[in-house]
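Q: This is what each chain is made of:
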Amino acid sequence: MKHSNRISGNLASNQSRVDENKQISFEFNKKSYKGLAGDTIASALLANSVDIVGRSFKYGRPRGIVTAGADEPNGILQLGANEASQIPNIRATQQQIYPGLVCSSTNGWPNAETDVMGVVGKLLGHVMPPGFYYKTFMAPSKLWMTYEKMIRKGAGLGRTSLENDPDKYENINQFADILVVGAGPAGITAALNAARSGARVILCDEQNEFGGNLLSEKVMIDGEPAQAWIDSSITELSETDNVLLLKNSTVNGYHDHNFLTIHERCTDHLSDNAPAGSVRQRMHRVRAKQVILAAGAHERPLVYANNDVPGCMLASSVTTYINRYNVVPGRSLVLMTTNDNAYQTAFAWQKAGRHVAAIVDTRSSAGEIVTQQATELGLNVIYSSVVTETKGGKRVKAALVATIDADGTQVTSDASEIGCDTIASSGGWSPAVHLSCHTGGKPNWRDDIQGFVPDDFNKDMFVTGAGNGIYALADILKDAAKIGTAAVKACGLTAKRASSAKTDEVEVAPSMPLYLAPHSKPSTRAPKQFVDFQLDVTAGSIEIAVNEGFESIEHVKRYTALGFGTDQGKSSNINGIAIAAKKMGKTIPETGTTIFRPNYTPVTFGAIAGRNVEEFFDIERYSAMHSWHVEHGALFEDVGQWKRPWYFPKAGESMQDTLNRECLATRESVGILDASTLGKIDIQGPDAREFLNRVYTNAWLKLPVGRCRYGLMCREDGMVFDDGVTSCISDNHFIMTTTSGGAAGVFNWLEEWHQTEWPELEVYFNSVTDQWATMSLSGPNARKLLAEITDIDLNPETFKFMDLREGEVAGVPARVFRISFTGEQSYEINVQANYGLAVWEKLFEHGEKYNLTPYGTETMHVLRAEKGFIIVGQETDGSMMPDDLDMGWAVSRNKEFNFLGQRSMSRTDSVREDRKQLVGLRTKDPKAVAPEGSQIVFDPEQEIPMTMVGHVTSSYYSACLGHSIAMAVVKGGLKKMGETVFMPQADGTNIEAEICSPVFYDPKGDRQNV
Amino acid sequence: MQQYSGFGLLKHAITHHENWQRVWRNPTPKKSYDVIIVGGGGHGLATAYYLAKEFGITNVAVIEKGYLGGGNTARNTTIVRSNYLWDESAFLYEHAMKLWEGLSQDLNYNVMFSQRGVLNLGHTLQDMRDINRRVNANRLNGIDGEVLDPQSIKEIVPHMDCSANPRYPVMGASWQPRGGVARHDAVAWGFARGADALGVDLIQQCEVEGFEMEDGAVTGVKTAQYGTIKAGRVGCVVAGNSGVVANMAGFQLPLESHPLQAFVSEPIKPILDTVVMSNHVHGYISQSDKGDLVIGAGVDSYNGYGQRGSYNTIEGNVAAIMELFPLFSRVRMNRQWGGIVDTCADACPILSKTPVENLFFNCGWGTGGFKATPGSGHVFAASLAKGEMHPLAAPFSMDRFHTGALIDEHGAAGVAH
Amino acid sequence: MFNIHCPYCEEYRSEEEFHPSGEAHIERPKDPANCTEEEWGNYLFFRKNPRGIHHELWHHSIGCRKFFNITRNTQTYEILETYKSGEKPTITASTVSKKTGVK
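Protein chains in written order, with our numbering: chain A, 1 to 1010; chain B, 10001 to 10417; chain C, 20001 to 20103.
In short, the hints are calculated from the structure, not lab data.
Treat the numbers as computed from the prediction; the structure is a model and nothing was measured.
Keep in mind that the hints are not guaranteed to be accurate.
Just a sample of chain C residues kept apart from chain B, beta carbon distances all over 10 Å, derived [as the list claims (entries may be wrong)]: (1) Tyr20012; (2) Glu20027; (3) Lys20030; (4) Arg20072; (5) Val20096.
Cross-link-like lysine-lysine pairs, in silico, PhoX-like; alpha carbons within 25 Å at most [unchecked claim]: (6) A:Lys122 / A:Lys528; (7) A:Lys58 / B:Lys10269; (8) A:Lys521 / B:Lys10011; (9) A:Lys30 / B:Lys10269; (10) B:Lys10269 / A:Lys31; (11) B:Lys10154 / A:Lys153; (12) C:Lys20048 / B:Lys10353; (13) A:Lys583 / B:Lys10011; (14) B:Lys10065 / A:Lys582; (15) A:Lys153 / B:Lys10290; (16) A:Lys784 / A:Lys867; (17) B:Lys10290 / A:Lys142.
Virtual Cβ for every residue (Gly too), placed ideally from N, Cα, C.
Assemble the whole structure, with the sequences as input and the hints as a guide.
A: Right, dumping it as C-alpha cells:
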C-alpha cells in the first residue's frame, strides 16, 4: 500500500475545491481507488501515489501526469464501465471522478506498470530516429503490407466503443454582442464590464468552475482571498439577464466572421451515471459581434534528459494539485525555473509539509520578493544552474544539477546529484494563441515575454490577460476592464467606465529565455530529452531532422511528428521551435510558428453532428398517400429525399413476379402510380411563354391554353439536365413538372436566369410540389374508372392526348392531364395534397372491378422503357445532348431566341459522328436480361484493354412482350441498327445483343391516343 | 545518394544518427535552366524527378514559394485509386497506380503506400447502376475491381452499419483492392530527395512573381530574391494558385479554386482497415498507421484561397461519417484543416500547352490530385521533355473547354477524391 | 462560416441560408450563334479566379430566394460589400489595392 499524497488538517490548502467529506470510489487499471468529490482522475491518482498512467507511443516508456489541464500529453485514458459508454482518450486532468468511474491506461502490455514494449523501446530506440519508417521496410517490396500490419498493432491510444452511443447530442445557435473566452481573472473582469454596460454577453470556461488560474494560485483580490471575488463576480453575472454563463465549455473553434463553436460537456462529469436520455454534450454555434480572448497561457516545461520519468511535472500544475486538490504529488521536490513565478510551487510544497530539496534557478539571481520568501522558508536556491538529467525509471529518484553559462547553451560544471522524487520545471509561459490562428491570424513573437501573442488581423477580436502576455494579476485586471469596455464600444453600445478589482502589484525579475537545459553531451547523445511527450519527440530528433535538411519548421514538425498529438503541442511547440531555431542559428520569429487549426481541444463527432443523425441525417419526404403505400406492403426506393414506392409485392411473390403482375395489369386494365414526387413549378406572368421558350429546347410560343407539351432542358454546355411536361393553364399561367430528384435544381436554375440575365421578363415562379398530390391512372380502363368519379367530360374527341382539364374528381377540385409515361391511355390527376389520400382511396373503391393495381417506380421504369422513354439521370449522365438521345424532335433550332444550350450543340465535339447515341438492345437469348451498367464492345475477342463503345442504361424483362428489353448508349449507334454488340460480364460470359429502336411497344403510339 | 535501409539505420545508430546525409541541398539558383518547374508540391517534384531520371534532363530547377510539399500534399487525406470511369482518366490514374506500386523502391524512400483497398459505396439504385458501369469499364480496361453486396462489405468493414437501418442504407459498393493510402509528406520528400540527387535544384522560399517573355514565348521566371531565372521551358504545377500564376502569364484558366476541408480524429486503436468512400452521404474515411481516422468530403462551393472553409461543411461531413459508423459518436475530432483545390467543370485535370509558347500547365486536379502524383509527374515530364503532350496527357488539354470534348468524371470523382 | 448581409432582406444572416453561384457579372453573349468556339468556351468555363477581391453571385436560397452579388476577399474571406443584381460594385481590386496594397 502506497502512502497517501493527500494533505489535510493544518497543512491543507485554505482554498481547496475538493470535499474531504465526500469520498468517491473509482477504478483505474482494474484496481479500486478512493478520491474526493471535486477531484479529477489525475488529482485522485496522484493522491493515491499512482505514478504511471500510461506508456509512451514509440518507446513504451512509463509516463506519469505532467500537467493539470488541457495541455496534458500523458494522462490519456480509456473511460467507461460498459461497452456502450466507452470513451477513448479522455484527459485524466480534465475528467472529474464520479462514483463507479472505470478507467484504464491506453497502452502497455501486459499493463502500463510492466510493459514489454518498454524493453523493445529501450533496445530499438537507437535505431528509431525521426523518419525511420521512410528509411526502411522497403525490401522486399511485397512484405510492406506485412510490416505495416505489425506497425499498425501499435497504433492508437484508446479504443472506440463497439456499440452505438445511447446518449444524445445537440446543437444550439447563440447570438452575442460579446463572447468572452475564458473565465479567469481577465475573462471575469472583461465580462463584468461588458455586462454592466448592457451588452449581451456569453462567458465560458473549459473548467468545471469559474476562476481560471485563481483556483490554483494563492492571491488576494480586494483584500480577500480570490475565491470571494470569483464568487461575488459570478453571482453578479448570473443575476444579469443579458449574460449566459457556461462552464465545462470549451471554445474549440474560431471561424470566419466571428462564428465560434463552444463545446459544452453537460453530463461528462457524471458519465455512466448520467440520467438516461439526457443530452451528453451540446455544441453552441455562436455568432458574436465582438470576441474577447481571455484564454490564458500554458506553462512550458523545460527540456532536460529523461524529463519524462514519472515525477517530472510542470511547476504550475504542482501548485494546482496542492492548492486546489490538497494533493502534494511527491515527498521531495526539486524545482527548476527560469522565472520568479514558479517559486510559488516550492513555497506551496514546503507549506504543505513536504521537503524542498532545491530550487534550481537558471538565472544568476531572482527577484527580491521571491528571494526573500525563499530565505524565510529556508529553501536551498541554486543559481545559474539546470537539472541536466533525471535519475530513476518508474519514478524520479534524483536530479543531476550542473551550472550553466550565461546564455544557457552549455554546462560549466560536473553534475551533482540531488535526491528527490519530483522535479517541477517552468520555462515560462506561452499565451494560448490557438483560437486567434483559426481564421488566419499569424502570431507575433515578443522577446520581452518570450512568447507569441495574437496579431490584430481581426478587428472584431480583442485579447487580454495572460493570453496577451500580461502576467501580473494587477495588470490583468486593469487591462481586462479596459478591453471589456472597448468591446462594448465596438458593438456600438455605450460603455460604462471601466472598473476593476484591486490587487497588490508584484515586482518580478525578468525571466531567462531557456528552453532546453544543456547537458554535458549533445542532444543526439544525451539520454532522451523529450519535447513532445505524447509522440516521443526528443530534442535530439529535432536536431537530427534539421541536420538532414528539414529546415522549415513545418518540415521539422512533420518529420518528427512534433505537436501532432491529442494535446496539439500545447506544451511542446515553442520548445520544439526554439530547439530547431537554435540548431539552425536563427531566432524563433525567423523560424516561425506553426499555425494552429481547430480544435483547441478535441471534440466528439456526436457533438458536432448534434441531432442531424439517423432519421434526421436527411429529411425524409413522403407523398400524401404514403401511409396507404405502407399499409399495402410497398417497398420503398430513395429518390432524392423522397421515399417512393418501389413495388408492391404480394405474399409469395418474387420481385419479378410482382413486376410482371403490375405491368400486365396496367397494360390489360388499369394501374396507378403515385407521381406526387415529380417537381411542380407554377409559372405565371405575361412573359412566362417567352421564358419557357428560352429555357426549353423546343418551341413554346404557340402552345394553346389547355394543352401540355414535353420539354427538354439543357445546361449552357448543351447537356440534358432535366425533362418534363409543362402545361398551359391560361395564357400567362403554366405549370411545369420536373424530375423528382431535379426539382430544386430546376427551380434555382429558372430563378437564376430570370433574376440575373432576363430581369426584364415579367414572370414569377413558385414551387408547388408539396401542394399537389399526383396520381397517374394508366391502362385501357383508365377512362372508364375515372369517369365514375369525375365531372370532367372525358370524351376522347374533345379531351385529347396532351390536353388538360379542370374539374372535380372524387368531389374535390382537380386538374387532370392526359399525359402518359406508359404509352397507355393515361390520366394524371392532381388534387390538393390534403385530399390526395381520400381521392386515391376513392379510386380504389371504384377500381376494384377493373383490378386497379398500384405500381411503383420499378414497374414505371419497365413500362416507360417498353416505350423507349428516357429517364434523365439514368439514360443521361451529363454527357448526353438531345441529338444523342435521338430527341432532335424536341429541339427547335429556329427559335428567334438562342435557347439555353443551343450554341454548345454545334461545337466540334458536339457534332462528332461517333458520339454515343441512345438505342435499344434485343438480347440474342430473349430471356437474358443484360445487367444495367454492362459495358458494350463490338469485338468480344479483343484483348484487354478492350474498346468500349457504350453501356446499358436500362434493362428489364418485359412480361408484356415476353422478352427482355434494354436501352443503351452506343457510339454511332443510330447508324448501326441491326448490328451485333457484346457485353462482357465479370463471370467471363458475353451477352450478345442486336441494336434496335428503343421503342419496343406500340411504336405508333395508338394506345395512348385512344 | 546515400542509400536508406534497415542496415543503414543500425549503422547510423552507432553514430547517434548525426551523420545522415542531407535529404536535399539548398542551392542558390543558376542563371538559367533547361526546364523550370514552378511549384514544389508532390506533382512538381515528381515532374522534376522523372525529367531527370527518365528523360535525362537534369538542368532543372523547382521553384517553391514556401516549403517543399507544403501545399495540398501536406493537407492530404492520401487516397490512391484508379477506378475511374472514362478511358482517358482510367488510363492516366492507372499509369499512376503502376508507378505507386514500385515507388518506395524506385525512390529508395518508403512512402508507405498501403494497398488496403478502396470501397466506393452505393446507397441508391442509380448509385448501383453507376457502380456497375464503372466497375465493368475498369475491368475491361484492365483495372482491378469488383462489385460487392452489403454482406461482403460487412466482411471487409465489420464496424460499418451495413443494415437497413440508416437513412440511406448501403446497397453495395465497388471494391478496388489495389487502392489504398500513402504517407503524403514522404511522397514529396522522396521525390525531392530523388530529384536533388539527380542534380535538380530545389529552390525553396522563392516566389515567382511573373514571367519573362519574348515573341509570345516564355524565356524565364521573375522572382523577388533572385531576379529573372532563364528557362527553356516552364511547367507550372501550382494547384490552387494556378489561376493566379496564369494571370501573370496573361491568360485565364477554365478552373476555380475552392477550399477543401478535412480532419482527423484522435488516434484510436485500429478499427478500420480499408478506405471507405460514399458519394451519396458525402464523406470518406480511412485510418492511418498512427490510429487517426482521416476524414473528408467535398469542396466548399465558394472560391477561396484561405486554406480553410466553413464550419457547416464540417458538420455535414461528420454527420455523414456518423451515418456510416454510428459507433464513432464518442470519438473526438482532433484537428481540421483546409487546402485550396483547383477544380474544372468536368472534374478532370488540365495537362496542357498554353497560349504562351514553352509554358505548360499541370493543374485542375481538384480534390483528387494526390493519387495521380507519380503518373502526373511522369507524363508531364515527358511532355516538357519533348515539347509535345504525352499521349496519356493529350486528352486533358485546355482545348477541350472550347471544343466541348470534356471528360465528365463527376460520378467517379464525386465526393473529393 | 460567413455572416452575409442580404441586400434584399437588409439583414445579416448565416451562410447556411445562402448558396454561392460562382463569378458575378458574367453576361451571356448577346448573339451566341455567332460566337466562335473560343468565345463560347470562354463564356462557359474560363474564370478570373483571383486571389483577393472577387465579385461573386450568391443566392439567398433558404430566405428571400433572390440572387445578389458579394464583393469578397478570397484570401481573408472578408466581405466588403453586397449589392443587388444589376448593380455595380463600388469596391474593386483597383480601389482596394490603392488603400491596402492587397491585390
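Q: Any hints this thing doesn't respect? Which numbers, in order?
A: 4
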